[in-house]
Structures are given as structure tokens and as C-alpha cells.
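Got chain F sorted already, so can you dock chains S and E with the ligands onto it with the hints?
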Amino acid sequence: MNLTHAILAALLYIVAAPVLAGLLAGVDRIISARMQARIGPPLLQPFYDLFKLFQKERIAVNKTGHFFLLGYLLFTIIAGVEFFIGGDLLIVIFALALGSVFFVLGAFAAGSPYSHIGAERELIQLMASEPMLILSAMGFYVATGSFQVHDIWSRPDLLIVILPGMFAGLVYVLTIKLRKSPFDLATSHHAHQEIVKGITTEFSGPYLAVIELAHWYETILLLGFLYLFFAPWPWLAVLALAAVYFLEILADNTNARLYWQWVLRSSWIFTAVAGAGNLVVLYYLSRGGTP
Amino acid sequence: MTKHPLKMTKVALENLFQKPATVPYPAVRKPVYAATRGRIAIEEAKCILCLICDKKCPTGAIKVDRPGKTWAIDRLLCIQCGYCVEVCPKKCLGMENLYSPPVSAKAMDVVNVPFTPPPPKPKPPPASATPAATPAPEAGKE
Amino acid sequence: MANRTVIPFGPQHPVLPEPIHLDLVIEDEHVVEAIPSFGFIHRGLEKLAEKRDFTEFTFVAERICGICSYIHGMGYCQAIESVMGLEIPERAKWLRTMWAELSRMHSHMMWLGLLGDAFGFENLFMAFWRVREGLLDIIEETSGGRVIFGAAKVGGIRRDVPDDLLARIPAQLAKIEAEMRPITDVFRDDFSVRQRLCGVGVLSQKDAYDLGAVGPVLRGSGVAVDTRLEGYAAYDRVQVEPIVESDGDCWARAMVRIREVYQSFEILKQVLPNVPAGPVDMKVTGAPNGEFFARLEQPRGEVIYYVKGSGKKQLDRFRVRTPTFANIPPLLKMLQGCQLADVPVIVLTIDPCISCAER
Ligand code: SF4
Ligand code: SF4
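Chains as they are written, first to last, in our numbering: chain F, 44 to 334; chain S, -2 to 139; chain E, 5 to 363.
Simulated from the structure, these hints should not be mistaken for lab results.
The reader is advised that the hints may include incorrect statements.
To be verified - One-sided and incomplete, this derived list gives chain E residues near chain S with beta-carbon spacing under 7 Å:
#	residue
1	Thr59
2	Glu60
3	Phe63
4	Arg134
5	Gly138
6	Glu145
7	Gly149
8	Gly154
9	Ala182
10	Glu183
11	Asp189
12	Val190
13	Asp193
14	Asp194
In this text, a Cβ means the ideal position worked out from N, Cα and C, and glycines have one as well.
Just chain F, with the same shape it has in the complex (with noise of 0.2 Å):
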């Protein structure tokens, strides 16, 4: 891939991404709605929220929290932009976790405790996810020879068919990273929750919009990382992960929101069956071919 094209990329990425994530969750929306039997808000609803929260008062607990946010914001593009001008997957995933903690700091410098205990959960979630990411990453290396997404995503056979330990944990994890039920600890798309909007509680205005923004960007280069493992079929990648999506959004609407304890168990033994399973296995295939 050249400059121009990665400049390209690079652009596309940071103004089609906000685009789709908002639609996508203008239709997860609707089809929660549905789920509960409402009618729901229109399509367009998370875009009229994200600019009515652009144009509210600033108030500030602490100046040094909106600093952190906008190291969220930041990196998480700096991720989605390494992903998706082909770069090394490492970075990517190391990016994202530098935003994430980011926006754990952010919350801590607060005095509340609702957002101190939601970072603390926070921090729980990324100790939770964060390893299955890594080991795809591993498992990538281990089906292509190589961390560089472009590489993966240029190659002709389906990884899903010697990965599909890995994309389920993967999927896995998306819930943690999408804050659906049952691992919305941190905060919570809905407003009722024991700590009120924990890690989010003490920000407001356009700095919540930074942070949905930032979201935002993060479930696209999440969904980015499943269309890997469709990479040569486009059209079963869109429906994998239309497939994907939905699921999430049907575990939102049937599931209670869970024990953190509860969480990271869940998430590591499913990281280590699912994950490092398929890992073993790739490798034991590959040992076996080369001798």
C-alpha cells in the first residue's frame, strides 16, 4: 500500500467511521425497540443526541479529565487509523488499549466515587478483553506469518475456516467492548445503574459526545478486526457481521448485567478454551505440515 492510499485510508476511516458506527447504532436502536416491543427512536436519534451534547454548557469537574479524553479520542483513531491503512496489528491493539486507559484516567481524576468505581470496572473490562485481543493477534501471526493487517486481509483463504476459536472469542469480547448486557459494568447504555453512569458520571456536555465519538470509532475498528476473518468474501463478511451485531444486541435485550467477578472469569476461561485452544491446535497444524 502506498502514501496516497494510506493517506486515504487513513481519511476515510476518520470521516465514514463515526458515519456508519451512528447508523449502526441508530439501528441497534430501533431493533432493542423492537426487541422490547417499543417503537424506538428514529434512525438519525444517536446523531441528534451526539450534537445536542456538542452544543451543552462545558462543565468541568476537573480540567485535567478532558485532557485524558481527548488521548482517547486520539488514539483510538491512531488504532482505527493503523488498522485500516493496512498497518501492524500490534500497534493497533497497543493503541487501543493506550486510549482505553486513557479514558480511565480521565475518569480518576474526578473525586466521585460512582466515576472512580467505574474506572476501576473499566480497568476490569480491559484486563478482561484485552488478552483474547492479543492472542488473535497471536493467532493472525500464526495462520499468515505476519502482523501487518494488510498482509492478512490480501490473503485468498477464509481465516475464519482455521480460526473460528479465535473469532468467537473475539465476539466474545466485543460485548465487553460494546457495553452490552451482561458486561455493561462500566457504564451502561442506560441510564439505571447502581454506580449512575459510572466511568462516564462526572463528564458532560461535549465531553460525553467526545467520548460516544470515540466509541464510536472503536466499534468500527472492532468490526474491523471480525472482517478479517471474511477478508476474500466481502459479502459473507457484511453478513457474518450483521450476523455478529445482532447477536450482541439480542444478549443485550435478554441478560442481566452480571458480577464483574463473574465477567472476568467468564471472559478469561472463554479467552483461554476458545482462544488459546485454537491457537494450539493452528500450531500443532502447522508443525505437523512443515517437518
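Chains S and E with the ligands in isolation, oriented as in the chain F frame:
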């Protein structure tokens, strides 16, 4: 009864393919019943400004002004209890089954009442002369 | 030793739309102690009884609570009627029983939804509230109000319900019951729901009794007490068994309420065909002179009304002890040692109505 842990999935999927239970509110409204408690209406022609509703209303929503010849209600104070309807001696108050429309400011709904109250003190000056048994509503002199 | 933090919970908290304040002393995410403070919504209702005509006070009594409103009005009227020695017409008694049960059902269903909401199960919340809407329709059609019935009156009831309407209700109820089955099954069987309710906030039978718990909290801990057995209104002529669960945890309390909703369907099946013809109210003359304690079963538990009059239009003293008031000490007991995530769930399982408790 089968016991399985994913019962909600069935409910959610069924809902997905059914007509939603909610309605797009201002455009479509839920039907009201004949008994539904709504806004208080007055047939001002019948009112005799007797002040009973004013005195009995538990929240003090009704204000009757005899000299000014008005009957007024603060719709936001009214709790739709219907007590005024019960106590009105002329049965000129009624409860509609529609809610009063939303407002953005508190205001009294003032109704002018055609009834002219009899002069304030017909009795005191002459102790027993002119008993004036129930003055006819329209026959007040001004 | 972990750090202790104090988390303020309420009086304004999205998960608990009730103005109670709890200082939760927590270690990591475990609650060591819960310290309540009250008085955010004291309304001076009891004092108002000394200013208002005793018949008009019914409207105020009905508004002690926004959910179990009807039974408040009915309890107040019952207390006054007992002081004055009034025997209200039979039809009024039966209709009061009907409304009391409808009120219990809609309150429990609202609560079941709120509980779902408290553990982050929005769909369950929507499902219960959707089904409850059918009950509110029945209530609206019979009494005119949706949650504030406005149907109580000293000496009877304020609105008669036409017989053809009474005849239609059983079919409507059957439909609601059928809609309810699948979602109450979710409460009983769903994995994530059981994770959040079973073994959480356990209150032993002894503690429940000693701390003076009432209603579903008491019955959820295995004590069979139900004030409906006192036989007020027409309860002496219908079959009522206290619903008891023995686990004493949040799940048991939810089960008690679910089973009570089904029990109410059964009670209504006995009530509706048996409503006798006749007048629904009687003329009340004079003023209460004397005092009386009335005890009734609210959806939230036993409620007590005390009225004292001395022949004046205004009462000398009115006192109401709402079930939430009695359930606060057991609540504090349940909260000890729970996780922070359990707090909203446990607080909800007493079905708190703080504004009633503070009157
Ligand atoms: S509305 Fe009825 S009660 Fe009120 S002043 Fe007029 S006549 Fe009297
Ligand atoms: S309905 Fe009740 S609150 Fe409303 S005006 Fe009449 S008496 Fe007053």
C-alpha cells in the same frame, strides 16, 4: 413447564416480529374511556357563583370571584378528583375524559359567568322585612 | 486491609427513584455498612388531617402513595367507618376488594419491572410494564384513574362499576395472565437473573420476624403473615392463603410477588362474579368520635391507620405506618456484606416507597 435458562430470547424474538405495543404519541393517541378523569369543564350559564366548589376543592385549584363574576381554575393544581363536580349544587361542573392540553406557563383558566349575584346585603338593614325567598337568578338589580 | 470508601446512594439516584439516602461504607465492592438518612420528602400529611374535613381527607389519604394509592384511601375510609360504626353496602365491599387486588397486581408488576431494571435487564422491565398496561386499562375503565383511582369514599365508593363492564373484566384478565406467564418464567429460570437474585440479600426467618419486616419481605423469609386474612372488605368471603417462600433472598421475595399476582387473578375470579347488586354508598352524617386502628395488606405489606376524632369535622390525630417504614431495618440488615452491584437490587426487594414512609 420446561425449565431452560434462555426464556427471554424467545420473548425478545417474538417481540421483534410483532407490532410494537407503543404508539407514536402525539400523532396517535390511546383511546380514552368514558370514565377517564380529565379536565373540569363548566357550563357557565348555570353557575350561580355560590363558591362551594372554591371552598371544597382539596387543592384550592378553583377560584370563584363573585364581584368580578368569574369562575377560574388552575389546571395544573387540579388533581382530577372530581369533588367539585359532586358538590356543585347546580350540577354545572363536569369532568371531561380528555386531559387538558400541555402548557408552558402556569395560568388560570378564567371563565366569565353571566349570572348576576343578588346584591351583597339584602338582609341586614331591615331585620325581617322583605324576606326575599330565593331571589331568581336573573332578577338581581345593579 | 482494603480501603474504605463511602458511596452516597440517593436521595437522587437514577436506579432508585425514591428519596432515601444511604451512606454505603464499602471495602472494594463489598458493603460493610449502610447508614440511612431520611426526611427528604416529609409532606406533613398527618398534620393536614387536623385541618381538613374528614371526608375530604380521603383525597389526601389516597395520595399518600402514587402506586398503592387505592388501598390507602380504602384503609383510611375503613378506619373512619369503624369509628363511626358504619356498615357499608355489600356491593361497595366487593368492589373495594376488586380494586384492592387490581391495585396489588399493578403494583407488583411495576415492581417486577423495576427489579429487572435494577439489575440491568431493560427488556424485562419493558415486558412487565407493557403487560401492566392492560391492568391499568381495566383500572382506568372502572375507576377513571390509572394509578390514583379516586374511588374511595367514607361510606362506600365514589363510582359504581356497571355490571356489563364487570362481566367483561374476566376475559381481559385472562389475556393479561396469558401474557404474563412467559415473562414471569424468565424471572424463575433465566440464568443471569438467577445469578443476580439467588442467595443475594438473605434475611433469615428470625431476623425478618425480630426486625419487624412486613409483607413480601416477611413472607419471603418464611413467615406466613398476611393481613388480608383479617377479613376486611370482602376478604372474609374469598379464599386467601399467605404466599410463603423460605429462602429469604431476593429471589424468594420476587417469587412471593409473582405468586401473589397469580393469586390475585384467582381472587378476582372469585370476586367478579359475586359482586352483589345494590347501592354503593351510604349517607354519612355526623363526625367521627373515638379512635381506631385499621390494618390492611398493601402490596408492600401491612399498613396501619390510626384515626382519632372527637366529634369535630376535623380529626384530632391521623397516623399511618406504611410498610416501607417497617421494612427499613430489615433492609439495613440485608445490605450488610453484599456487593455494591447488589445494592439497588436489595433496596428494591423491599419495594421501597419512601415518600409513603415519610408521609
Ligand atoms: S360551579 Fe357550581 S359550585 Fe362552583 S360556584 Fe358555580 S354553582 Fe357554585
Ligand atoms: S377536580 Fe378536584 S382538584 Fe380539580 S378542581 Fe375539582 S375539586 Fe379541585
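### Task
Tell me, in ascending order, the numbers of any earlier hints that this structure violates.
1, 5, 9 and 10
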